[in-house]
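S.K.: So the protein sequences, as listed, match chains A, B and C. Taking the working numbering, the leading residue of the first sequence gets 1, the next gets one more, and so forth. Taking the working numbering, the leading residue of the second sequence gets 1, the next gets one more, and so forth. Taking the working numbering, the leading residue of the third sequence gets 1, the next gets one more, and so forth.
Keep in mind that the hints were calculated from the coordinates and are not lab data. Quick caveat: nothing in here was measured; it's all calculated off a predicted structure. We treat Cβ as the ideally placed atom computed from N, Cα and C, and that holds for glycine. Treat each hint with caution, since some may be false.
[To be verified] Below, in silico cross-link-like pairs of lysine-lysine (DSS-like), each with a Cα-Cα straight-line distance of 25 angstroms or less:
| no. | chain 1 | residue 1 | chain 2 | residue 2 |
| --- | --- | --- | --- | --- |
| 1 | C | K322 | C | K294 |
| 2 | C | K295 | C | K425 |
| 3 | A | K252 | C | K50 |
| 4 | C | K326 | C | K337 |
| 5 | C | K322 | B | K30 |
| 6 | C | K491 | C | K92 |
| 7 | C | K425 | C | K294 |
| 8 | C | K185 | C | K197 |
| 9 | C | K326 | B | K30 |
| 10 | C | K213 | C | K50 |
| 11 | C | K425 | A | K252 |
| 12 | C | K132 | C | K322 |
| 13 | A | K252 | C | K197 |
| 14 | C | K132 | C | K92 |
| 15 | C | K212 | C | K92 |
[Claimed, not checked] Covered stretches of chain C (chain B as the covering partner; in silico rule of three or more C-beta atoms under 8 angstroms from a C-beta of chain B):
| no. | segment |
| --- | --- |
| 16 | 255-266 |
| 17 | 393-404 |
| 18 | 407-420 |
| 19 | 423-436 |
Residue strings, one per chain:
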Amino acid sequence: MTPAAMLVRIARQLRAVGITVLAGGLLTTALVRMSPGFDADERLLDARLDGRSQAAVRAEHSANGNVLRFYAQHLRGMLYGNLGVSPSLRQPIADLIVARLPVTAELMAIGVVGGWALALALALPAVLCRQRTASRIAGTVSTCMLCFPPAAMAVLVFSWGGPVRCIVALVLFPRLFDYFRNLLEDAYARPHIVTARAKGLPPARILLRHVLPACAPQFLALAGISVSMAFGAAIPVETLCGLPGIGQLAWKAAIARDLPVLVSLTMMITVVTQVCNAISDGSSRGAAA
Amino acid sequence: MRRTFAWMVLAALLAASLAAGFLPGASYSKQHRELTNASPSFRFPLGTDDLGRDRLVRLLCATRISLLLAAAAALGALILAVIAGGTAGYLGGRFDRAMVRGIDLMLSLPWLFLLIAARALLPLNASPETSLVVTYFLLSLLGWAAPARVVRAGVRSFHGSDFVLQARAEGCRESRVLLRHILPNLQPVLAAQFWTSIPVFILAEANLGFLGLSASEPFPTWGNLLRELQSPLTVRPEAFAPVAAVALAVLCFKLVSPWGGSQV
Amino acid sequence: MNPRIGKLTYTPRTPCAAVTRVAALGLLFAAAALAQFGGELRFCLHGDPKTFDPLLAEDSNSEAVRYLTGGVLLRVNRVTQEFTPELATSWKVDQQGRRITFHLRHDVAFSDGAPFSAADVAYTMTRLMDPKLHSPVADPFRSSDDMPQIAVPSPDTVSITFGAPVSGLERLFDQVAILSARSPKAVLGPFAVADYKPGVEVLLSRNGNYWKKDASGRRLPYVDRIRLLIQENREIELVKFQRGEIDLINTLDPQDFERLSRQSPSSVADAGAGLESEMMWFNQAAKSPLPAYKKTWFASQPFRRAVSEAIHREDIARVVFKGHAKPSKGPISPANKFWFNSALQPHPYDLASALRRLEQAGFHRRDGVLYDRDGHAVEFSLATNAGNHSREQMAAMIQQDLEAIGIHVNLVTLDFPSLIERMTKTFQYEACLLGLTNLDLDPSGQMNVWLSSAANHQWNPSQPTPATAWEAEIDQLMRAQAGERSAARRKQLFDRVQQIVWEQEPFLYLVDKNSLMAFSPALHHTAPSSIQPQAYWNIDVMQKSTRLAGSR
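Chain A on its own, in the form it takes in the complex:
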């Protein structure tokens, strides 16, 4: 591909990402605005507030009432690097995100890497061992872990003095294990792999040169959605364990119907999701070629 063609492709991708992000922000604004409880505020139940203060509380909420006007103002602010102030937490949103991003990034990185490592560590012996015992044990462990509530896992790990940051990996690996095992089994059953094994090729060579490339498109697709899965798992873990990350911020903002925070977070997550999926798509195309 010529450099010019590559630039055009990148520009197209960026345009598509931009449109998707804008659409995501607008849809989030509409979803949150239309959801019940948007105008509700706990302060309205405070018997100390007089009528004027209650009216002021209601007015605060109605300021964000018009979906399009709010969204336009928010976008204008974003162009100047100002994400606004969180009405529920009363702090600048940019500061909140910057302070919390490292916590979530660390949690997700450990989660994705750990989840993949655990899933592969269980799936490979399950596939390679002649006896089905390893596969059965691995499958049973994975299914049991899948059925175990992340919240309970987080508290138990914490109470036993274990690293709470590894819980996302424990939540993620059972969601990946079945995919990995089934893909690897399917790949190992292919005629050329069976031939290679029969001819005595080293297992590592078979795995790295023949099996993994055959499964590469699906593995890379899984890599892309692993990031979304890890973030989904991070939300309850952060919320329940009190880890001050983006997931906890998202949950608090959702409960408080904090529109500016939710829109900013959704746009950020949309960008990250698309970048990860684009990378996995590109790698998958490369692997297939």
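Starting from the structure of chain A, add chains B and C where the hints point.
M.R.: Showing chains B and C alone in chain A's frame:
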């Protein structure tokens, strides 16, 4: 042998869950307030919960509805994933690009608010069963995006395969090529997605209970039984029985189902 | 200093137990000898403080920081419930409650060394009474639209005159932290905010210029720092306490109390009935979209009394709160020593009486189902906030109790914003179960609940005119007590309000919860209270012995 055993376990589970509703004195809602958090006994084989309700009866009643709904929701999500991901991967081009953006958007949006809005639309006196069906229906509608990506990647990988080219050369319609030739080769991926989704949806139902979705008290579901485990340090060990029940049911289904192969 | 005030969980009755008690006392004195000055005290907040501006604090976490850092003119003692002088040595209320004059303490300095004077009080009150502030601290002072007149006749005297009498004026100053007119960060309380990591912790350091000294002349507080860890999960808070990572738990759940008391009985404290209660009410709002026949039920006093008599309050206290709650006697908890109407008793659990009342009101039972006179089966939904386990348990118990008199109750748990919207805006609910915390001991703090025209008159808010004769009577009584200076006369008037509420049951008060908390054995001079902040209200005199502190 293993399959037979799995069938027997499933049959026993189903029979017990059906019988639980008919046994004299067995009630999932009756509170024995003088026997709260009781340890297992002849009268209460799994003990009682913190309102003195029979854990075993609640677990069996929960099995009836949760298993069915979770499986239906998983199947629904899978069908949507196949339609979206399969057509996107097969057709390619602009349709594929648009679908990919749509999937990424689905993965990023806070669908929690749709679920909250659904709860608001339900009448206050809606039956617990209605509330539960709506919850699983929505989970099914929202749970297709991630597997759609995997299906799409799989379909794309088979797109230029020899057998596909041959099928086309022999005059197969595109839809037939997709449905009869490509998708069967994705069986491992589809099976993995289906079996993973069932417990994931049950846990999602448990989490949604915090927002008032899911069945309300005293109706037992696996989700609201699992919510007891939010305080794992204070509950009795018998409270972990739903985890074992869900795992056992999924494992047995995998053994008996053609999709699960012969393995767990 | 009495190390434990309030109801103890252990009472020895045998000689062997008496010996054990003596030995324990000996250990206590030995431990007191190990108590040191300095060190760091740690406990948890259940969320980030929303503001560090003491005039705007309205959530419990911000109020905690305000309590620890703010100096006030006078304080309501959390144990005796009497006013104690703080920055003001004395005060006088005159002009029928329109004016209050404070005489201030001398030689008091802010944390930055600047001297404290009447000008700072004037500055604080001017800021507080700014109409644009909309603060829950300010609004109770607003008896009229006029701004108060503040006079500073001398540096140690300040006089504040309001446009109209303010009922129970003095007690409002317990919540007003005095600000420095010169520096926004300077404080007069025992601690000052040293650092804040959002989502992680708030660090408070000792105010070296704090005005209070102990009997030996040593400047308080004794500890050097307080670290407030932000932790929403109660299980993890409990685990941290058991590991010695935190020193106290301010509010303990009953299950956790039981668990801790089995492991370490001396670490838990039950201070008896607190100011928190649980209650339910029926939607009687005229504008609610409920069918007319349901509105008729809910407006019927015999119906409400019957429902109340069918609810087993003792069971709720025993099962849900593990015995750490008592059936409610009315809107005021017995913890409120002066204002509680001791003539009231809890509504008894009496199914026969409940059925009789329903029959007299035209209801009848057929095949175990209750019907009204028009043949409608009596069924309603009971809404509560999702995620509150004890409230969901209570709702399930109420559901079973009412089934016994043929009423079918559908439980609906909603997320809190959705519930608030239904309660305050759409009125699309039938019955609601929620908790109530009376932050203010004085009934004037509840004007917005009892006045029929008020927005917080939950069962039928913002009435243009009182819908019933008894609500009109309550309006008249509340206004009368607000304008009355004599405490005895006010008590008489408010006792009558409590009596009416007890009879009419617009709110069905269920249980008054006990104040439960936990203390590390390393802490000394703890004094559990039933009023917030119940575990650390006397934090300036708390000490910590590091040898018993556990790992750090």
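S.K.: Each hint: holds or not?
M.R.: Right, here's what the structure says about each hint:
1. C:K322 - C:K294: This hinted pair is violated, its Cα atoms lying about 35 angstroms apart.
2. C:K295 - C:K425: holds (18 angstroms)
3. A:K252 - C:K50: holds (13 angstroms)
4. C:K326 - C:K337: holds (16 angstroms)
5. C:K322 - B:K30: holds (19 angstroms)
6. C:K491 - C:K92: Answer holds: K491 of chain C to K92 of chain C is near 21 angstroms, not above 25 angstroms.
7. C:K425 - C:K294: Distance of about 19 angstroms is within 25 angstroms: holds.
8. C:K185 - C:K197: holds (17 angstroms)
9. C:K326 - B:K30: holds (24 angstroms)
10. C:K213 - C:K50: violated (31 angstroms)
11. C:K425 - A:K252: The given pair, whose Cα atoms are some 23 angstroms apart, holds under the 25 angstroms limit.
12. C:K132 - C:K322: Violated, at roughly 45 angstroms.
13. A:K252 - C:K197: holds (17 angstroms)
14. C:K132 - C:K92: Violated, at about 29 angstroms.
15. C:K212 - C:K92: holds (23 angstroms)
16. 255-266: holds (count 3)
17. 393-404: That given contact holds, which follows from 6 residues of the segment 393-404 of chain C lying within Cβ reach (below 8 angstroms) of chain B.
18. 407-420: holds (count 7)
19. 423-436: Satisfied; 3 residues make the cut.
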